[in-house]
Amino acid sequence: MAHKNVFVRIWEAAAGLLEGFYTTFIHLFRKPITEEYPEYKRPLPVRSRARIILTRDPDGDERCVACYLCSASCPVSCISMQSAIREDGRRFASWFRINFARCIYCGLCEEACPTLAIQLTPHFETCEYDLLTLVAEKEDLLVNHGGKNQDYNYYRVAGVIGKDGKGAHLKEAPPVNLKSNMP
Amino acid sequence: MTSLIPGYIILLVKLGIVLVALLIIAAYLVYVERKLLARLQIRLGPNRAGPFGLLQPLADAVKLLTKEDIVPSQADRWIFRLAPVVVAGTALLIFAVVPFGQGWTIAGRPIPLVVSDLNVGLLYVLALSSVGVYGVALGGWASSSKYALLGGIRGVAQMISYELSLGLSLVPVVMLAGSFSMVDIVAAQNRIPYLLVQPLAFIIFFVSAVAETKRIPFDLPEAENELVAGFHTEYSGMRFGLFFLGEYVTMVVLGSLVAVFFLGGWRGPLLPPLIWFAIKVAVVAFFMIWMRGTLPRLRYDQLMRLGWKVLIPLALLNIVVTGGVMLWVGA
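Chains as they are written, first to last, in the working numbering: chain D, 183 to 365; chain E, -14 to 316.
Derived by calculation from the structure, the hints in this document are not laboratory data. Don't be surprised by glycine CBs; every beta carbon is placed ideally from N, CA and C.
Simulated DEER-style distance windows between Cβ atoms: (1) ALA44(E) / ALA294(D): 41 to 49 Å; (2) ARG212(D) / ALA46(E): 25 to 33 Å; (3) THR205(D) / LEU0(E): 39 to 47 Å; (4) GLU209(E) / TRP193(D): 30 to 38 Å.
Derived pair list, reagent style DSS-like, types lysine-lysine, alpha-carbon separation capped at 30 Å: (5) LYS48(E) / LYS131(E); (6) LYS294(E) / LYS186(D); (7) LYS223(D) / LYS48(E); (8) LYS348(D) / LYS361(D); (9) LYS330(D) / LYS223(D).
Bound-form chain D, shown alone (with noise of 0.2 Å):
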């Protein structure tokens, strides 16, 4: 480093100082970038992901099937339920829990669900004082629509014989007649 004179170096530092002085006091004349929240709330990302539903089918059966994988990926715990047999012998949550207040909304449950029963919508605005009324049970959680994908239906597509018999899903064909199928 070549040493310089003394008072370059003043200089230099006073210059040094004085644009920055120079610079912030700009600044104060400048219109602040700050989003007031709750009078503006800004646009919200596509797939933003907050408070969590449960779906239900096109024909109004709930999508649920208390498999469990949401309450296994989570990875804070907050979902719990209790798996039981309707008469028809199809599978349904008889209870279903979710804590907001544990919930980190990662989505996880959403990816985990085969049925497309839970989902996570943008709706983020659940602050409470006190924690225990963020603990959401089956009836807050479901709604009366199909959320994302409006004509899934589980049962309908995937093949397993309990609301309809063979042959009567989505893309399957009628069973072979054995006994038709003679050489």
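Given the coordinates of chain D, assemble chain E onto it according to the supplied hints.
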């Protein structure tokens, strides 16, 4: 007796008004600082409590008063409780010798607009700012917390170093005015403010004053990204509030000291003296806030080097040169 009792009444009224005004100004200085600093960083600043956030100081006061007052179990209780009082008290007491107006005459009695025209006012200011160091040191020590202790030690080292240049920078002012009294110093600036006669002393005084208030760029005692909050780490509620109050009162006091020593005090054309004084204090306060929005914190060795190797020699040189010129001119 007949003249003593009205004298005391006037003194008490004056004390009350000055105290209340100083506290309100300090509270609103917090608001102004937050607002200005926000605008320097193109933010909005507090704007929720009341119109333009004007009730923010009130909300802060309510918050601080209702917070739990925590004394750490290992702390030295007495000293822990004493320290914030020392800081706030000394800051408030300094203002007692600051003349903030020309003086009125009500019902034949002259009322000087200064709480006390002490003939050693300047020494009183320096002495009290030294006592203020105790608040920092004791607060940091009594907390029995490592961060608080480090902050306290830094505070003491910094404030003692800068007190020297603070005092030395004022010697030429005293030489020119020929008096330690603040009233006389203002009176001596009736032709020309000392800022134009002693620009070097002004710079040294201002830098040392900012270091005394422990503000950015000299906020090492409470460097939040190294020491949590430095000497007041363990304080909560209104005890922390007292430290906070002390800092902002000191800001007002130093603004008025700069005004008195270098900007001609309450003197100025056209406007009434009180308004001029307020304008000068506001300008100094604005500059301190602006500086906070601009400069980064100094490193500890840079701080010490600036104090001992730059400011003190310069202040001494300034004294010698001023004395020489005064002898030469024959003043």
